[in-house]
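Asker: Chains A and B supply the protein sequences, listed in that same order.
The opening position of the first sequence corresponds to residue 1 in our numbering, with each subsequent residue numbered one higher.
The opening position of the second sequence corresponds to residue 1001 in our numbering, with each subsequent residue numbered one higher.
Because the hints were derived from the structure by calculation, they are not lab data.
Among these hints, one or two may not hold up.
Which bits of chain A does chain B cover? Going by a derived footprint, with three or more residues having C-beta under 8 Å, they are [said to hold, decoys possible]:
#1 187 to 196
#2 213 to 219
Only some residues are given here: those of chain B computed to face chain A with a beta carbon under 7 Å [as the list claims (entries may be wrong)]:
#3 Glu1745
#4 Val1750
#5 Leu1752
#6 Pro1888
Remember, predicted model here, so these are calculated numbers, not experimental data.
A virtual CB, placed ideally from N, CA and C, is assigned to each residue, including glycine.
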Amino acid sequence: MENLATILLIEDERQMRRFLRVTLQSERYALIEAETAAEGLSQAATRSPDIVLLDLGLPDMDGLEVIKKLREWSAVPIIVISAREQEGDKIKALDEGADDYLTKPFGSGELLARIRVALRHAVPKSQDQRDAIFTAEDLSIDFLKRQVHRGDREIHLTPIEYRLLVVLVRNAGRVMTHRYILKEVWGPSYIEQTHYLRVFMNQLRKKIETDSARPHFLLNEPGIGYRFKPDLD
Amino acid sequence: MEPKRPDPDELLDQAMAEEERLSQGKLKIFFGAAPGVGKTYAMLAAAQKQREEGVDIVVGIAEPHGRKETAAFLEGLEILPCRMHSYRGREIREFDLDAALLRNPSLIVVDELAHTNVPGSRHKKRWQDVQELLATGISVYTTVNVQHLESLNDIVQQITGVVVRETLPDSFLDRADEIELIDLPPDDLLQRLKEGKVYIPDQVERARENFFRKGNLIALRELALRRTAERVEEQMVCYRRDKGVQEIWPASERILVCVSPNPRSIRLIRAARRMAAGLRAEWIAVHVEAHAQIKPSDHDLKLLADHMRLAENLGAKTATLTGQKVSEELLSYARQCNVTKIIVGKPMHPRWKDRLFGSPLDEIIRGSGSIDIYVITGDAAENSIKPDARTSSPNIKSREWYWSIGAVALSTVVARLTFPYLDRTDVAMIYLLGIVVTSTRTSRWPALVATLLSVAAFDFFFVPPFFTFAVSDIRFLATFGVMFVVAYVISRLTLQIREQAVASRKREMSTAALYALSRELARERKKERIYEISLRHIGEAFKGQIAILVANEQGELVVTRKLPLTFDIDQKELGVARWVFDNRQSAGLDTDTLPGAKALYLPMVASSGVMGVVGISPQNATGRFVPEDLHFLESFVNQTAMALERVMHAKEAHDERLRAEAQNVRNAFLSSVSHDLRTPLAVVAGAASTLLQKDGTLDVSDRLELLRTIHEETDRLERIIRNVLNLTRIETGAIKVNKEWQPLEEIIGVVLNRLAERLKERPLDLKIPNDLPLVPFDTLLMEQVFANLMENALRHTPPGSPIEIAITSHDSAVLIEIADRGPGIPVREEETIFNKFARSKDTGMGSGIGLSICHAIIEAHGGRIWAENRPSGGATIKFLIPIEGTPPSLLPEKELS
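My request is simple: use the sequences and hints to build the entire structure.
Answerer: Here is the structure:
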């Protein structure tokens, strides 16, 4: 059976590697293991993996440093694995160019979903290649007509609400940091005005979600940003 | 009569004294009757023996005096180099105390215990050096001759006619752990003397003929033997007492000896000491200050202090009494102390004085009752130097002379003017008035001059023939006589009253000053304030500059505070203070130890040790401290020490309590956490091992059940760890509350989504108003609050029961209520459930950490969290988040795009 993709795992803890090896290989991913950042970087250069799983707490180098180095020459999707103590580093890691993050402990289902999302987004689509219509369950967005429907019901959005929704939907399943969204929707001078994002997100939820207190599509990643609900493949 | 048993206090004192001695070095004295008996020889022989046994022994100082046999014994022993002192152009070898302390051997040989050190040494006497060695735990071998013993000093002088100035307090001999008598019959000694084997210092050469007479040697030998025997008997007594033999508790004798500034007192003291030793009795040296006496001069006070010190050195207790009459005061004190014998000096003053003023001795004897009175002759040859009366008498100010002359002149004028109308006796009265007035203003001599002038003026102006000193009628001579005596007595009495008033005022002032100090100190709780107060009070009371030195953390003495009253302390002064601190004895100016210092240093001794050192430097260089001042100064310093000790104890107790509390909290927290961690771990471990072992036999549903359990429990573990981490971070201040204005719904949404699986079966009632304002809070922390509260609500209520979340907006806060329909909170636990290690008694589940982190987070937000039971059943946790400050402005969308 052919492998779905090659995954480079940079992780110093043996038990963690064992768990990931079993999980990923059973899902038909090929796995390259590296114990140190140095080894990981050289493996990334020589084996050109499709995706990198990177533990932030490595013995020989700061995980953020690894991301920086990788990003100098590679656009390979990076999923950061962090422990609680590195919580503050998550945003930095995302800003440095990581694609997603997982906090230990995490379930295998969560991990596999993230990997699928990352792989899907790995190939950037040009404007005209993009789907003209996005659907998720009964929510559909017609990018050409700029129309949003929930089932048969059309939902009227303000321009900003629409832009906000589009940014999240285009990256569906991936976590978008506050700064990124603010820059994309409001412009670079707004990247610190988190409350704008929060207020508009609240409005958007009220229009799109059935129960805005228990959002289904527009998920909050506390302290980091937002994520449009990943597809259930 | 019941035999007197040792009382417990006494035994305790003994035990404590014993303990103190154990920490000290051992003192062995080689005791001899005269020079040349072989003390040094014996001592060095013993030292060699110790060396052979492997004892760390050094020779501090030993004088073989050119004797070959003795010098031979020095071989192989480590000899400390001596300190060279140049004194009056001569180089003098001295024992180097500092080198000895530095070398710190276990045993040291120090010859000639009674030796007087060269001026400029730390101590005046070598035995003080030895005392310091012993105090640091170094054992000492030393030698001493009987003639050097303080108590026998006078007898030796009587026997040999040689004045021995180098003396050793008997108490020092008594503290020796071992005394070895080196005995040599007089004939043998004389033989050795002939052979030139006895070293005699040059200065004693003159006395040699007198000293080394056979009769003397026999007498000295007897003294030495007797003294040793006394000491042996004492040991026997101690031994028997320790073994609990009762008969040795005789009806206790107590001897009291009267001490005065008179140099004859020395002899009385020595006699008392001998008698006390003979009777194994306690003895007390007492000085009585009678009000009727004229204030003693400074010189007298110094002599008195010397005598009292001598008595103390000889082992006496000392006391100073004050009262109207010497005899009464003495006898009442004696009765109070159960004194059985009183020793007083034979009166040396002329008999008429007794006739006139009464004899204190007579009164004592008559009033003594059952007490025996011993009247002892003072030493006829008083070799002490009498102070020069003129130099010691206080300066008489010229104003006083004006007073005396002016008073007489005024009296004369007044009498002259009124004479025509008055009798001659009235005139005499006017003069007496003048003398009384003079006496109230002047000292002794001007008053006497006024008296004489008055008599002369009376004669000149009012006794015929007028304006001559000639007297017509012989009867007037009697008038003059009577007038003089009356005037003299009146002036003396007036003077005495005044001096008493001055003295009592001074005493009162000192007492008041002391009282003021202690009252002010009693209120203080800070060390710094105590230093300040003491500095001020002592400085004011003693007219000097004060420095308080205390040990810092490194054990170095440092001056506490620089105040205007503090004097500069250089390295040398610091050394003196250090010595005082280490040895717990006063030193410096006006003392026997390091008298070269510019200030006097007293240790602040409290029950738990030395608190520090107080240094006092007199304002003017000549202003020395009289013993009376010293006594008061000691009281001041003691007050300070006690206050400091109190503060220290209070602080220690407080710290100890805090430590204990913190320890309790930590222990409770740890046990709570470890319990909370262990439960899910046990479940995970158990489930996993079942899966591993019985993989083949388990059916699918069982496998799933076990796997689901493992999954849930790891969730729980993760939550607990997160809570513990956050709690400690918040409490240690590692987490900063990062408040951002945001909608509350968002965070509730996150929590509800996370718990979606477990909330499936639960009716959830959300009451969130649409127009809820933005609230400033820390996203991550508040997420945890909601997560914990929801978690608790899920865990402590039966499955399927509803959970309600309601948010209401108020003026400056939002109120969040999370309510369930569970069993509610046990009565009186509404407050305590937020404690770090609380756990509900009913469920036994560790909810404590979860709720206490909520409590900590809400508090950090400036809010409040509390628990209530609902009237209709179930519990509500309510918390308020304040809305402080202004929310950030939000531009309407149109303007944005």
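Asker: Verify the interface restraint on Val1750 of chain B: the C-beta must sit less than 7 Å from at least one C-beta of chain A.
Answerer: 5 Å, holds
Asker: Holds or violated: the hint that Glu1745 of chain B contacts chain A, with Cβ atoms closer than 7 Å.
Answerer: 5 Å, holds
Asker: Classify the hint on Leu1752 of chain B as holds or violated, based on whether any CB of chain A lies nearer than 7 Å to its CB.
Answerer: Leu1752 of chain B check passes; min Cβ-Cβ to chain A is 5 Å, inside 7 Å.
Asker: For the hint on Pro1888 of chain B, just tell me whether its beta-carbon gets within less than 7 Å of chain A.
Answerer: 5 Å, holds
Asker: Residue count check for the segment 187 to 196 of chain A against chain B: does it reach three with CB-CB under 8 Å?
Answerer: holds (count 4)
Asker: Using C-beta distances, would you say chain B covers the segment 213 to 219 of chain A, given that this needs three or more residues below 8 Å?
Answerer: With 4 residues close enough to chain B, the hint holds.
When the structure is compared with the earlier hints, no violation turns up for any of them.
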